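Asker: Below, each chain spelled out in residue letters.
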Amino acid sequence: MSKVLVVTSGKGGVGKTTSTAALGAALAKAGKNVVVVDFDVGLRNLDIVMGAERRVVFDMINVIQGDAKLSQALIRDKRVETLSILPASQTRDKDALTSEGVEKIIAELREKFDWVICDSPAGIERGATLAMHHADVAVIVTNPEVSSVRDSDRIIGLLDSKTERAAKGERIEKHLLLTRYDPVRAARGDMLKTEDVLEILSIPLLGIIPESPEVLRASNLGTPVVLSNPDAAPSRAYADAARRLMGEQVPMTVPGEKTGFLTKLFGRRVA
Amino acid sequence: MSFFSFLSRKPTAAIARDRLQILLAHERGTLGGNSDLVAILQEEILAVIAKHVSVEREKVQIKLDRGDSFSTLEIGIEIPPGLAEKQASLKRAALRAS
Ligand SMILES: Nc1ncnc2c1ncn2[C@@H]1O[C@H](COP(=O)(O)OP(=O)(O)OP(=O)(O)O)[C@@H](O)[C@H]1O
Ligand SMILES: [Mg+2]
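Going line by line, the protein sequences match chains A and B.
The first sequence finishes on residue 1361 if you use our numbering, and the numbering steps up by one all the way, no holes.
The second sequence finishes on residue 1131 if you use our numbering, and the numbering steps up by one all the way, no holes.
Hints listed in this document are in silico derivations from the structure and should not be mistaken for laboratory results.
Fair warning: there could be bad hints in the mix.
Residues of chain B placed beyond 12 Å of chain A at every Cβ, according to the derived structure [said to hold, decoys possible]:
#, residue
1, Ile-1082
2, Ser-1087
3, Leu-1097
4, Gly-1115
5, Ala-1127
One side of the interface only, derived from the structure: several residues of chain B facing chain A at Cβ under 8 Å [to be verified]:
#, residue
6, Thr-1045
7, Ile-1048
8, Ala-1049
9, Arg-1099
10, Ile-1110
These numbers were taken from a predicted model, which means no experiment stands behind them.
We put the beta carbon where it would ideally sit given N, CA and C, even for glycine.
With the sequences and hints as input, model every part of the structure.
Answerer: Given below as structure tokens:
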């Protein structure tokens, strides 16, 4: 059975696109058929994070307006065979994203894929509400920081009231993904504690993704971090989160970098 | 990760710069960034092909790779088995008759 998952946050820049690419790649590596869908009309960047920017021909709005078939707009990942991306439009007006159009596309994607992962734009406007509308599962990306937690709370409210599932009186499965987590600052007591964030938002924890320079390297390369460096701390954290999404029980840890003595000495020079 | 793997890791900033240069050149239109060009080419190429065989829109795959000095456009059209030969011979017959 296929699942529609929205990666959302309210607040901008917390790691939604990074997480969409990483979770999508991790699920695809596990053999699932996955499509990652960019809902950020006008400011698309999932294609860039996925390294597909040079291969975009048609986008979601071309499909909605009937200028292209869905199969023509989907771009197959070059590294993982079961991973595809549906780009957002860079140039067209946001209003071209109609709710009927989105509904049709999501229904068609459900038939082709096991996982349809929607990368939401920031904010609580139309783009964000359309991205979450058809979701069965929501991953709420949150940084351990006051404004991010507050925006996540707002988004949780929308998920429980403005989605298709909510309208049908059904529950939408919600998971918290804590990203850009800094173990050093956490140890120093300068960062909101995971327990506190969980208690405030009261939704289950999907994973804790540490802050890591590997994420920037991955974005430079245009390769989801779980593919560019599968052993890196954020990659292992994303892989665990993906396994939890598939229903596996995985003990919760904050993966640290496996750095040897030499790496510590010289690591800075090559970073 | 091996103990010495960091030695072989190349910095990624140059790759990021190259990707951006290519992307922006296309978006700013200096490399013929007309985003509708592909749609126009597709329509016209399909029209030419449709004169000879009937193709389903679903069976047309269009791939584009925007490059530094040139881009490649790849159009894959799936033609049903036997149809191509049959239609071609019909066409030849029609030509001979005219
Ligand atoms: N775990 C991490 N460690 C270090 N940097 C990170 C991490 N996660 C995300 N980033 C960086 O944070 C920035 C924002 O990430 P991203 O684009 O994924 O956020 P977003 O929520 O999609 O943003 P927007 O709201 O603008 O769509 C990027 O520069 C990304 O590389
Ligand atoms: Mg984003």
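Asker: Hint by hint, note whether the structure agrees.
Answerer: Evaluation of the provided hints:
no. : hint     : result
1   : Ile-1082 : holds, 16 Å
2   : Ser-1087 : holds, 16 Å
3   : Leu-1097 : violated, 5 Å
4   : Gly-1115 : holds, 24 Å
5   : Ala-1127 : holds, 31 Å
6   : Thr-1045 : holds, 4 Å
7   : Ile-1048 : holds, 6 Å
8   : Ala-1049 : holds, 4 Å
9   : Arg-1099 : holds, 4 Å
10  : Ile-1110 : violated, 12 Å
When held up to the earlier numbered hints, the structure conflicts with 3 and 10 and fits the remainder.
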